[in-house]
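Those protein sequence lines, which keep their order, are chains A and B. Under the numbering used here, residues 1 to 254 are what the first sequence spells out, in order. Under the numbering used here, residues 1 to 560 are what the second sequence spells out, in order.
It cannot be assumed that every hint is accurate.
Unchecked claim - Label pairs and their calculated CB-CB ranges:
1. A:A47 / B:L61: 56 to 66 angstroms
2. B:D215 / A:G249: 20 to 30 angstroms
3. B:V402 / A:G113: 53 to 63 angstroms
4. A:R104 / B:E227: 32 to 42 angstroms
5. A:K126 / B:L204: 29 to 39 angstroms
6. B:E227 / A:P157: 53 to 63 angstroms
7. A:G249 / B:G167: 38 to 48 angstroms
8. A:P157 / B:D305: 40 to 50 angstroms
9. B:S97 / A:P157: 17 to 27 angstroms
10. B:E227 / A:H129: 24 to 34 angstroms
11. B:D305 / A:K70: 39 to 49 angstroms
12. B:K335 / A:Q158: 54 to 64 angstroms
13. B:D215 / A:Q158: 45 to 55 angstroms
14. B:S391 / A:P247: 55 to 65 angstroms
For the record, the hints were derived by calculation from the structure and aren't laboratory data. Quick caveat, the model's predicted, so the values are computed rather than measured. Glycine included, every Cβ here is placed at the ideal spot set by N, Cα and C.
One-letter residues, chain by chain:
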Amino acid sequence: MAVTGVNRGRRAWIGMVAVISLSLAGCTPAVDPNATQPLQASPVSSAPSVWTALDTATARAAEASSYQVKVYVHARHGATSGNLSVHGSIGADGAADFQVQAGRESYEVYRDGTGGYYAYQDTWHKLDHPLDLNWFAEYRNVLNWARAHDRRLSERPQKFVGGQFCRVYEVSLPATAWRRTDSFWGNAGNARRAEGDTLFTFAVGIPDHLLHQVTTTQSVASTGGATTLTTDVIFSNFNDVPQVAAPSGLPAAK
Amino acid sequence: MQHLGIQTRSSARRLFTGNWGHLARILACVAWSLFVNLVDEWLVRPLVQDLAVIGVLLVLLMAWLWVFAIPRPHRRWWVVFSLFSLCACQALASFASLPLGQRVLTAAISMAILAAAARWIGRVALSALLGSMLVLAAANAWLPENLWPLLTHFRVLAVGTFTVDNGNYPVLPLDVVRTQHGEVVLTVTRWPDTRFGSNTDDYLQAVKSGKLPADHLVYQYMQLAPENGRIGARPATAQELAEVQPTELSGALAPFDRSTWAVVGGRVLQYTVRTQSSAGAVDAALQPVQYAPELAELIVQAHQDEWKDWSQALRKAGVAPVAPWRIDNGVLSGKWRGRTVHVRVDAQFVIGSGSFTKPGAHELLLGGSNLLEVVSLAGNRPHVVASLHGSPANPIGEGMQVGPIGTADKDAVFVNASPAYILSFTGDGHARRIYTAPNDDLQFLASIRTAPGAAPEILADDRSAVRSSSTTYLTSYTYRDGQLYRNWRVFESGIENVRQVQFFPGQPPCLVAAVAGSGAYVVLARHFWPLQPALVVAWLLVLAGFMVAGWQQRRRLRWR
Numbered sequence: 001m002a003v004t005g006v007n008r009g010r011r012a013w014i015g016m017v018a019v020i021s022l023s024l025a026g027c028t029p030a031v032d033p034n035a036t037q038p039l040q041a042s043p044v045s046s047a048p049s050v051w052t053a054l055d056t057a058t059a060r061a062a063e064a065s066s067y068q069v070k071v072y073v074h075a076r077h078g079a080t081s082g083n084l085s086v087h088g089s090i091g092a093d094g095a096a097d098f099q100v101q102a103g104r105e106s107y108e109v110y111r112d113g114t115g116g117y118y119a120y121q122d123t124w125h126k127l128d129h130p131l132d133l134n135w136f137a138e139y140r141n142v143l144n145w146a147r148a149h150d151r152r153l154s155e156r157p158q159k160f161v162g163g164q165f166c167r168v169y170e171v172s173l174p175a176t177a178w179r180r181t182d183s184f185w186g187n188a189g190n191a192r193r194a195e196g197d198t199l200f201t202f203a204v205g206i207p208d209h210l211l212h213q214v215t216t217t218q219s220v221a222s223t224g225g226a227t228t229l230t231t232d233v234i235f236s237n238f239n240d241v242p243q244v245a246a247p248s249g250l251p252a253a254k
Numbered sequence: 001m002q003h004l005g006i007q008t009r010s011s012a013r014r015l016f017t018g019n020w021g022h023l024a025r026i027l028a029c030v031a032w033s034l035f036v037n038l039v040d041e042w043l044v045r046p047l048v049q050d051l052a053v054i055g056v057l058l059v060l061l062m063a064w065l066w067v068f069a070i071p072r073p074h075r076r077w078w079v080v081f082s083l084f085s086l087c088a089c090q091a092l093a094s095f096a097s098l099p100l101g102q103r104v105l106t107a108a109i110s111m112a113i114l115a116a117a118a119r120w121i122g123r124v125a126l127s128a129l130l131g132s133m134l135v136l137a138a139a140n141a142w143l144p145e146n147l148w149p150l151l152t153h154f155r156v157l158a159v160g161t162f163t164v165d166n167g168n169y170p171v172l173p174l175d176v177v178r179t180q181h182g183e184v185v186l187t188v189t190r191w192p193d194t195r196f197g198s199n200t201d202d203y204l205q206a207v208k209s210g211k212l213p214a215d216h217l218v219y220q221y222m223q224l225a226p227e228n229g230r231i232g233a234r235p236a237t238a239q240e241l242a243e244v245q246p247t248e249l250s251g252a253l254a255p256f257d258r259s260t261w262a263v264v265g266g267r268v269l270q271y272t273v274r275t276q277s278s279a280g281a282v283d284a285a286l287q288p289v290q291y292a293p294e295l296a297e298l299i300v301q302a303h304q305d306e307w308k309d310w311s312q313a314l315r316k317a318g319v320a321p322v323a324p325w326r327i328d329n330g331v332l333s334g335k336w337r338g339r340t341v342h343v344r345v346d347a348q349f350v351i352g353s354g355s356f357t358k359p360g361a362h363e364l365l366l367g368g369s370n371l372l373e374v375v376s377l378a379g380n381r382p383h384v385v386a387s388l389h390g391s392p393a394n395p396i397g398e399g400m401q402v403g404p405i406g407t408a409d410k411d412a413v414f415v416n417a418s419p420a421y422i423l424s425f426t427g428d429g430h431a432r433r434i435y436t437a438p439n440d441d442l443q444f445l446a447s448i449r450t451a452p453g454a455a456p457e458i459l460a461d462d463r464s465a466v467r468s469s470s471t472t473y474l475t476s477y478t479y480r481d482g483q484l485y486r487n488w489r490v491f492e493s494g495i496e497n498v499r500q501v502q503f504f505p506g507q508p509p510c511l512v513a514a515v516a517g518s519g520a521y522v523v524l525a526r527h528f529w530p531l532q533p534a535l536v537v538a539w540l541l542v543l544a545g546f547m548v549a550g551w552q553q554r555r556r557l558r559w560r
């Protein structure tokens, strides 16, 4: 009897030590291989066919009646970072709705047949010019410029983004190459070379041949130091957003 | 450390026989409760955090050996009292951020619960519990528990917290400035602050007179400087501020926010304003194809406007900005050895000075968009001696450190890209990448030469090589033949903005660092006492003491 009592006591101690040790946060054995593998880009085997594939992907995406978009922008300067995020949908009925977080301020943006509106601190205002959401045509212009100037294409490992497995191509472009002439900040034209080259990546869905992601990376220099600007635009649910409901509170502004 | 093992062993035996002095018993308990906490901080956590499962098994082995070394009749008492000490220390540390009234209340309640449990389960004497609580509270008041890991390699000369908003300043900014009285460190804190001679009335008055906007976070500049041998904090003067680059201390987040300044009562105050109207911000946000050029332009414009506002604010405060080197329209200008220097460059800003291409050379390192340039100041005609463009995929970005790497008087550039790497310039102006980090988490903090001619210690935040967690810890490396060799690691994460500063002339320089996410700073001086090995020896002595005590007890039982 005495022996079993001792054993039971011992087991209790062992159990206690085991339970305490489980609370130690270290039971994660191996380094995540994805975290340590640098993104290796390799030259594409046939540049003309990739240019064609990219052109098709943007053209097909431009024809899509509806899609969802997510945007993440980070401007890192030392320990601080200026951010922009956009989440939104463009519906088959022509309406579009976006949640925008620019810096420390949040906005909701809505567009329908009557024009564009934005809400700041729950008050709706009408935008004084139409919202141009013809993004894929613009991306197509960028790609055409790059192709015409024979920019070197590379291929990155495939990845899953925007709900599809995608082939990823990268190409570097001078930041000012495709600037529109009717730029909203046309008066601020100085320090052009501060912007340097921008590395673009385009992700094209393997099954659906649509453009699913565009990222950019660039280093911006000014007298205050360098800022690393990264942008990530993800498109998903092509032709799968039947309609976008008008936000409550909007009718008052119309 | 040897006395501790003997002391605890004898107290183990005597605590129950009751023929020892009451005070000595409590002292032994107090020493033990500190000891188990140090074992936790300096041995248990490093093992677990660095070696993952292997570390957990080692800790299990340690606990197993210890629990079964205690003589059986006293086992419950020792285990319960040790657990009480560990829990009490964690509880006291976790309440440290609360305001005083709440802190006292929550600490009292949690201590009462812990003490009741210890008394009930382990029948521990109340005096021992009380003594342990008091000494742990005192230790936490002297240095918060989360900073104890630093003590293995540093003396903590000062520690403090400035009130900053985490959105503006995820890490407290620190900038070293040379004044007539020696080097000081500049940083920021919220304004108004009654600790530094300003109150809410000042704020309301400034808003009323239109100097400050309402409902904005306002920051004032502070300086850390030695005062009578101790390091104290007081508001920075305009003369000191004239020496800094405003972006070094600015908490604004371009492209959509930037800093601007007001002068209230002779003090330069900083607050954040938007760079865009609501309609403008919405417009920029919904043109993803134009992000790369347009947002870049907003950032450049914001920095230019900041510099303009900063110069204006300084002039209002009665000083002019002192920039030893400045780049305007592609021309670097400044004074070197009494001579005005103008050099045509492609870079936009000055990173630092040092000897980059040859040992002992006088050179400046400049940065641009994904670009580094080295300008040699010596000779008749200062000129660019080396330049390097980074790769577009991993651009040379914002985080760069300059410091020695070998025993020679030559500096390397530590580039905190992802992954981070080290650049060295050759004599003929070519840049060589001499080391690339094996993971994306390694970030270089500083390179410090502790003695002339010795290899410098390269401080970095680095992750455990075997765990899959990306938590990084303060680590010291030495560079040798293309590899970094680890000297030591302090299991403290979030140590950033490490700056070397000569607070006390004639002594080795101190380190000032910020703790991420808290507004806290520490002033550290390196020591070389082998505290961790000493703790291991003490731990082994304690184990041996328990085993001897158990053996003696068994022998007595057998002879009775």
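Results for each hint:
For the hinted restraint 56 to 66 angstroms between A47 of chain A and L61 of chain B, the CB-CB distance of approximately 60 angstroms keeps it satisfied. Checked against the given bound of 20 to 30 angstroms, the beta carbons of D215 of chain B and G249 of chain A, roughly 23 angstroms apart, stay inside it. The hint said 53 to 63 angstroms for the Cβ distance between V402 of chain B and G113 of chain A, and at roughly 58 angstroms that hint holds. Evaluation of the 32 to 42 angstroms hint for R104 of chain A and E227 of chain B yields a pass: the beta carbon distance comes to about 37 angstroms.
Between K126 of chain A and L204 of chain B the C-beta distance comes to about 37 angstroms, which sits within the given range of 29 to 39 angstroms. With their beta carbons about 57 angstroms apart, E227 of chain B and P157 of chain A fall inside the hinted range of 53 to 63 angstroms. In this structure the hint that G249 of chain A and G167 of chain B lie 38 to 48 angstroms apart at CB is violated, the actual value being about 27 angstroms. Separation of P157 of chain A from D305 of chain B is about 41 angstroms and conforms to the stated range, judged on CB atoms against 40 to 50 angstroms.
In this structure the supplied range 17 to 27 angstroms is violated for S97 of chain B paired with P157 of chain A, their Cβ-Cβ distance being about 44 angstroms. The hinted range of 24 to 34 angstroms is not satisfied by E227 of chain B and H129 of chain A, whose Cβ atoms lie roughly 59 angstroms apart. Taken as a hint, the range 39 to 49 angstroms is violated for the pair D305 of chain B and K70 of chain A, whose Cβ atoms sit roughly 31 angstroms apart. A C-beta distance of roughly 56 angstroms is found between K335 of chain B and Q158 of chain A, which places it inside the suggested range of 54 to 64 angstroms.
Taking the beta carbon of each, D215 of chain B and Q158 of chain A are about 49 angstroms apart, inside 45 to 55 angstroms as hinted. About 44 angstroms separates the C-beta atoms of S391 of chain B and P247 of chain A, a value inconsistent with the hinted range of 55 to 65 angstroms.
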